[in-house]
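*Asks:* The primary structure of each chain is shown beneath.
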Amino acid sequence: MHVKEKIMKNILFGLAVSTIFIAACNNGTDSTSQSKKTDSSISPARTEPGTKDPGVSVSTKATPVKEIVGSYLQLKNAFTRDNDKEAAAAGNAMVQAFGKFNKASLTSEQSKTYTDIEDDAKEHAEHISKNAGNIKHQREHFEMLSKDIYQLVKTFGSGQELYYDHCPMYNDNKGADWISETKEIKNPYLGKSMPGCGVIKEEIKQ
Amino acid sequence: MRRRNKVLLVLLTIFGAIQFIQPARNRNGQASPTDITRVYVVPASVQAVLKKACYDCHSNNTRYPWYSIIQPGAWWMASHIKKGKQDLNFSAFGGYSDRRQQSKLKSIANSITDGAMPLSSYSFLHRGLSEDEKEILVNWARKITDSLQAIN
Numbered sequence: 001m002h003v004k005e006k007i008m009k010n011i012l013f014g015l016a017v018s019t020i021f022i023a024a025c026n027n028g029t030d031s032t033s034q035s036k037k038t039d040s041s042i043s044p045a046r047t048e049p050g051t052k053d054p055g056v057s058v059s060t061k062a063t064p065v066k067e068i069v070g071s072y073l074q075l076k077n078a079f080t081r082d083n084d085k086e087a088a089a090a091g092n093a094m095v096q097a098f099g100k101f102n103k104a105s106l107t108s109e110q111s112k113t114y115t116d117i118e119d120d121a122k123e124h125a126e127h128i129s130k131n132a133g134n135i136k137h138q139r140e141h142f143e144m145l146s147k148d149i150y151q152l153v154k155t156f157g158s159g160q161e162l163y164y165d166h167c168p169m170y171n172d173n174k175g176a177d178w179i180s181e182t183k184e185i186k187n188p189y190l191g192k193s194m195p196g197c198g199v200i201k202e203e204i205k206q
Numbered sequence: 207m208r209r210r211n212k213v214l215l216v217l218l219t220i221f222g223a224i225q226f227i228q229p230a231r232n233r234n235g236q237a238s239p240t241d242i243t244r245v246y247v248v249p250a251s252v253q254a255v256l257k258k259a260c261y262d263c264h265s266n267n268t269r270y271p272w273y274s275i276i277q278p279g280a281w282w283m284a285s286h287i288k289k290g291k292q293d294l295n296f297s298a299f300g301g302y303s304d305r306r307q308q309s310k311l312k313s314i315a316n317s318i319t320d321g322a323m324p325l326s327s328y329s330f331l332h333r334g335l336s337e338d339e340k341e342i343l344v345n346w347a348r349k350i351t352d353s354l355q356a357i358n
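Protein chains in written order, with my numbering: chain A, 1 to 206; chain B, 207 to 358.
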């Protein structure tokens, strides 16, 4: 009886340890799925200030990528304010904009370019939407995303006058580009610490 | 005392029963035609680092440790591998578009320098990467990204 009890105790201990271990791991995934939930719950409310932004909603020419570009500018403006949560919401808005995009009107050549860009850009937007709390990581994806959106705008038109800006200092002076709807430089990579850093590389006409 | 034994027995039975439910193993064994080594030059030093700390979750071939068969840990591991391969699969790298390959290589360098990868739980269970090993991997990824950007 005594020995049996000892064995039981050992097993119980083993079980407890493994339960704690697994609970700890599950907690990790729980918290991420929770943050995902809050992101999506934020997004409808957050789209409002974005659309209120001067320039974002201003559009004169029709372009099929209008909504995607709109969400990009919303994202960019969130980064100029160092706001990771708004950035996450805008990333989520972009994922949805990609989802709503209608490829039917495109030529096969355009469709190929679009798919190629979407494939990459959507993933960046997803990462940004899931990484509220880690603005550094969000900005890394924003850098790659900016290149995609630039190509998208060059292929399908911008619908509004845009500026392709360059920040020479980001990422240990490796530099990075972004698209803006304002002529005034507002740096999304360095945010409030260096808002005026950057130059206009190109003016993108409608 | 008797009650406790009963609870224990139930727990043990559950623990025993789930051992028979094993997730499919991520072991292809074959060299994939879209493997990264087929599309880019991967020096032996880089390959060694990739094998050591990346391929377990980011390829079609996981080296399973002996304890990986014990449930529910196996489920936990399988979910990590699934997520890892979704984000980046070195065995399928050649199948990504050029744009995506470039993004992935950049993200590899970023996540290593940021310390996001390898995951701390992975580094805890396996041996993590030394600073030298990290540098080998980051430099390699950056070199390819730079050469790709020069072409475009």
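By construction, these hints were calculated from the structure, which means they are not laboratory data. There's no promise every hint is true.
[As the list claims (entries may be wrong)] Cross-link-like lysine-lysine pairs, in silico, DSS-like; alpha carbons within 30 Å at most:
no. : chain 1 : residue 1 : chain 2 : residue 2
1   : A       : 122       : A       : 174
2   : B       : 212       : A       : 122
3   : A       : 154       : B       : 289
4   : B       : 349       : B       : 289
5   : A       : 103       : B       : 289
6   : A       : 201       : B       : 349
7   : B       : 291       : A       : 85
8   : B       : 212       : A       : 112
9   : A       : 130       : B       : 288
[Said to hold, decoys possible] Under 7 Å between C-beta atoms, here's a sample of chain B residues computed to sit facing chain A:
no. : residue
10  : 288
11  : 291
12  : 292
13  : 307
14  : 316
Note that the Cβ used here is the ideal one computed from N, Cα and C, for glycine as well.
*Asks:* Of all the hints numbered above, which does this structure not satisfy? Sort the numbers upward.
*Replies:* 2, 3, 8, 10, 11, 12 and 13
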